[in-house]
Amino acid sequence: MSALTFELRTEPAQRLDLSPLTPAGLAGMKPRNIQAIAIGTSRQALTVGDVFKLKGTDVAKLRFVGTDARCDFIGQGLTEGEITVDGDAGAYLGSKMRVGKIAVSGSVGPFAGASMRGGRIDIARNAGANAGGMAVGEAHGMRGGRLSIGGKAGALLGERMRRGLIIGRGGAGDYAAARMIAGTILVKGRIGRWAGYGLRRGSLILDKEPKELLPTFGDCGTLDFNWLRLLDLQFKANDSRFRVGYRARRLIGDMAVLGKGEMLILA
Amino acid sequence: MVRPHGGVLEGGQGRRAERASARGQVARPRTGVMSKLKIKGVEIIETFAEAFPMVGTRIIITAPTQKWALIAAQTMTGFATSVIACGAEAGIERLLTPDETLDGRPGVAVLLFAMETGKLQTQLRNRVGQCVLTSPGSACFAGLEDEKKLKLGASLRFFGDGWQMSKVIGGRRFWRIPVMDGEFVCEQTTGLTKKAVGGGNLLVLGRSHRAVLSACERAVKAIGEVPEVITPFPGGIVRSGSKVGSKYKGQIASTNDAYCPTLKGAVNTALPLNVEAVMEIVIDGLTAPAIALAMRVGIYAIAKGGASEGITHITAGNYGGNLGPHHFHLKEIIA
Numbered sequence: 001m002s003a004l005t006f007e008l009r010t011e012p013a014q015r016l017d018l019s020p021l022t023p024a025g026l027a028g029m030k031p032r033n034i035q036a037i038a039i040g041t042s043r044q045a046l047t048v049g050d051v052f053k054l055k056g057t058d059v060a061k062l063r064f065v066g067t068d069a070r071c072d073f074i075g076q077g078l079t080e081g082e083i084t085v086d087g088d089a090g091a092y093l094g095s096k097m098r099v100g101k102i103a104v105s106g107s108v109g110p111f112a113g114a115s116m117r118g119g120r121i122d123i124a125r126n127a128g129a130n131a132g133g134m135a136v137g138e139a140h141g142m143r144g145g146r147l148s149i150g151g152k153a154g155a156l157l158g159e160r161m162r163r164g165l166i167i168g169r170g171g172a173g174d175y176a177a178a179r180m181i182a183g184t185i186l187v188k189g190r191i192g193r194w195a196g197y198g199l200r201r202g203s204l205i206l207d208k209e210p211k212e213l214l215p216t217f218g219d220c221g222t223l224d225f226n227w228l229r230l231l232d233l234q235f236k237a238n239d240s241r242f243r244v245g246y247r248a249r250r251l252i253g254d255m256a257v258l259g260k261g262e263m264l265i266l267a
Numbered sequence: 268m269v270r271p272h273g274g275v276l277e278g279g280q281g282r283r284a285e286r287a288s289a290r291g292q293v294a295r296p297r298t299g300v301m302s303k304l305k306i307k308g309v310e311i312i313e314t315f316a317e318a319f320p321m322v323g324t325r326i327i328i329t330a331p332t333q334k335w336a337l338i339a340a341q342t343m344t345g346f347a348t349s350v351i352a353c354g355a356e357a358g359i360e361r362l363l364t365p366d367e368t369l370d371g372r373p374g375v376a377v378l379l380f381a382m383e384t385g386k387l388q389t390q391l392r393n394r395v396g397q398c399v400l401t402s403p404g405s406a407c408f409a410g411l412e413d414e415k416k417l418k419l420g421a422s423l424r425f426f427g428d429g430w431q432m433s434k435v436i437g438g439r440r441f442w443r444i445p446v447m448d449g450e451f452v453c454e455q456t457t458g459l460t461k462k463a464v465g466g467g468n469l470l471v472l473g474r475s476h477r478a479v480l481s482a483c484e485r486a487v488k489a490i491g492e493v494p495e496v497i498t499p500f501p502g503g504i505v506r507s508g509s510k511v512g513s514k515y516k517g518q519i520a521s522t523n524d525a526y527c528p529t530l531k532g533a534v535n536t537a538l539p540l541n542v543e544a545v546m547e548i549v550i551d552g553l554t555a556p557a558i559a560l561a562m563r564v565g566i567y568a569i570a571k572g573g574a575s576e577g578i579t580h581i582t583a584g585n586y587g588g589n590l591g592p593h594h595f596h597l598k599e600i601i602a
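Same order as they appear, the protein sequences are chains A and B.
Last residue of the first sequence? That's 267 in the working numbering, and every number before it is there in order.
Last residue of the second sequence? That's 602 in the working numbering, and every number before it is there in order.
None of these hints come from the bench; they were simulated from the model.
Check before you lean on any hint, since a few could be wrong.
Claimed, not checked - Which chain A residues stay away from chain B? Per the calculated CB distances, all over 10 Å, these: (1) ALA13; (2) ARG169; (3) ASP224.
What the hints assert, rightly or not - Quick list of simulated restraints, FRET-style, between CB atoms: (4) B:ASP428 - A:GLU7: 56 to 64 Å; (5) B:ASP428 - A:ALA256: 15 to 23 Å; (6) A:ASN238 - B:GLN397: 47 to 55 Å; (7) A:ASN238 - B:ARG477: 37 to 45 Å; (8) B:PRO494 - A:ALA237: 49 to 57 Å; (9) B:VAL446 - A:GLU209: 49 to 57 Å; (10) B:LYS334 - A:ALA256: 43 to 51 Å; (11) A:GLY28 - B:MET382: 51 to 59 Å; (12) B:THR384 - A:PRO215: 32 to 40 Å; (13) B:PHE425 - A:ALA139: 22 to 30 Å; (14) B:VAL446 - A:ALA256: 23 to 31 Å; (15) A:ALA237 - B:GLN397: 32 to 40 Å; (16) B:PRO494 - A:ALA60: 22 to 30 Å; (17) B:LYS303 - A:ALA237: 53 to 61 Å.
Backbone N, C-alpha and C define an ideal beta-carbon position, used for all residues, glycine too.
Let's have the full structure, built from the sequences with the hints guiding it.
See below:
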């Protein structure tokens with residue numbers, strides 16, 4: 001069986017809510033019923049059939065082709081299966097997801113992986129603000145799983161994150177790891193201002209020192225960290241391109257709050 | 268280990284014969300006693316080693332060098348020969364190369380056994396806390412996957428006094444506890460098996476102390492290559508096998524007089540006159556098949572030098588079959 005593919009016919013005139021299109025949501029549905037699912041977000045009613053051309057039958061593996069930044073909520077609350085996006089995605093990609101995989105070949109809008117609890121999201125290019133952060137109405141950001149961003153992440157990366165791993169390969173905007181509770185955020189490349197603002201616990205790992213460091217972080221010097229070896233070997237097993245080594249400068253903070261988090265600048 | 272009498276060399280003699288005659292019966296030799304199984308002239312007594320169920324776990328200790336991983340492991344497994352007075356039986360299973368460990372550093376696999384889960388938990392916490400946490404550069408990881416768990420870092424983390432941090436990597440939780448040489452990384456839990464077996468054993472009889480010691484050393488080395496087992500006694504060898512009870516009140520175990528060469532003329536001995544020394548190899552394992560394999564490897568290693576080297580008999584200790592469900596019959600093991 002080939003993956004159930006949703007190919008965008010034309011650029012939609014309104015933002016689309018694609019949250020109903022998940023493997024669990026579509027299980028057991030006939031194509032006719034899938035085409036009738038409402039995905040519009042304005043007064044003008046819009047269904048899957050109006051916007052997408054459907055191919056394939058395997059609902060455990062969904063594929064979106066030619067989507068753009070107006071295609072919101074792809075894989076929201078995902079509980080099983082895989083979703084591949086050949087194109088861009090809008091806001092809330094994989095937010096609140098629990099299990100499964102989402103891979104995006106392009107860029108995504110804000111709130112990607114927001115408040116996700118498990119599973120894995122791989123974004124090939126850029127992510128908007130609040131990636132791995134708090135979904136609206138949630139008390140915490142990402143609570144588990146792995147979010148990988150190939151390009152630049154926007155502001156508030158991993159805000160109020162509580163568990164899990166975020167990897168940013170192309171830098172991040174302002175307030176990375178802001179108010180983070182726990183978990184690990186790894187950013188390669190340039191990072192914006194006020195990184196680690198309100199950091200309670202958790203680790204923000206950077207490959208270069210930020211231009212501006214918050215004064216509420218205390219310097220512990222450059223040290224060996226055995227747990228980085230665990231992380232490194234995990235990357236080696238899953239993602240051969242990424243290396244962290246085991247030596248880093250540790251800045252502990254944010255002393256303005258609990259102050260038990262850390263910013264590790266790889267040596 | 269508490270051993271009442273171990274293997275019987277001469278069926279139909281000694282106390283059994285006396286009791287039988289008191290009843291007006293004639294004691295028959297025990298089954299197969301006279302079958303004379305031999306390997307290179309060393310007689311294998313047709314008896315069985317009686318072992319008992321235990322709970323066990325494995326942990327992996329790593330360090331910057333193999334030397335320091337070994338020091339931590341040796342310290343942790345010290346004073347862990349017998350549950351009678353040590354609280355646990357523990358030993359080094361094998362050394363691990365950097366590509367076999369989670370953190371890519373040299374390591375050591377350690378096995379720890381006890382009679383009850385609670386006691387094993389206490390011993391694990393105390394031994395890792397006092398001997399591994401304290402050892403320079405060490406880290407400690409789970410070495411056994413099982414649904415049942417024992418706390419490892421989950422209890423040791425409190426040493427961090429609030430500065431400890433937890434990290435979940437690859438679905439496993441680790442604790443980073445700040446210490447004076449950096450951080451002690453310790454996995455949250457390790458697996459627990461209730462299918463472990465303790466007390467697998469071999470008794471080696473020989474014409475000289477030197478011959479028996481040499482054969483036992485060879486056997487312990489060979490058993491060291493078998494996975495999932497340890498030989499917890501000093502150098503893997505016990506020279507003071509014991510029997511249950513004593514003439515003295517409160518003494519739960521006392522010397523196994525039937526196997527003491529200096530008492531041959533005074534007690535109901537199990538030894539021929541030409542035997543000058545007896546040593547025992549006790550084996551604990553995570554599974555019964557692992558014990559059986561270790562015993563087989565041990566028997567062939569002992570008999571390797573043949574009878575001409577001075578080894579006369581290989582036998583095993585049992586409690587007459589009343590102690591536990593695990594009976595390792597030497598005849599079946601060498602088959």
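TODO: Return holds or violated for the Cβ distance of ASN238 (chain A) and GLN397 (chain B) against the range 47 to 55 Å.
DONE: Given a distance of about 36 Å, which is not inside 47 to 55 Å, the answer is violated.
Quick one: are PRO494 (chain B) and ALA60 (chain A) within 22 to 30 Å, going by C-beta?
violated, 39 Å
Next item on the list: Could you see if the CB distance from VAL446 (chain B) to GLU209 (chain A) stays within 49 to 57 Å?
Entry: violated, 26 Å
### Query
Using the C-beta atoms of ASN238 (chain A) and ARG477 (chain B), is the stated range 37 to 45 Å upheld?
With Cβ atoms ~56 Å apart, the hint is violated.
query = Between PRO494 (chain B) and ALA237 (chain A), is the Cβ distance one that fits in 49 to 57 Å?
reply = The hinted range 49 to 57 Å is violated for PRO494 (chain B) and ALA237 (chain A), with Cβ atoms some 23 Å apart.
Does ARG169 (chain A) clear chain B by more than 10 Å, comparing its Cβ with all Cβ atoms of that chain? holds, 19 Å
Look at the Cβ atoms of THR384 (chain B) and PRO215 (chain A) and judge whether their distance stays inside 32 to 40 Å. violated, 50 Å
That 53 to 61 Å hint for LYS303 (chain B) and ALA237 (chain A) (C-beta), does it hold up?
holds, 56 Å
Next item on the list: May I ask you to test the hint 51 to 59 Å on the CB atoms belonging to GLY28 (chain A) and MET382 (chain B)?
Entry: holds, 53 Å
Query raised in the report: Quick one: are VAL446 (chain B) and ALA256 (chain A) within 23 to 31 Å, going by C-beta?
Result: Holds, at about 27 Å.
- request: May I ask you to test the hint 22 to 30 Å on the CB atoms belonging to PHE425 (chain B) and ALA139 (chain A)?
  value: holds, 27 Å
* Do the beta carbons of ASP428 (chain B) and ALA256 (chain A) sit within 15 to 23 Å of each other? -> holds, 22 Å
Of the numbered hints stated above, those contradicted by the structure are hints 3, 6, 7, 8, 9, 12, 16, listed in ascending order.
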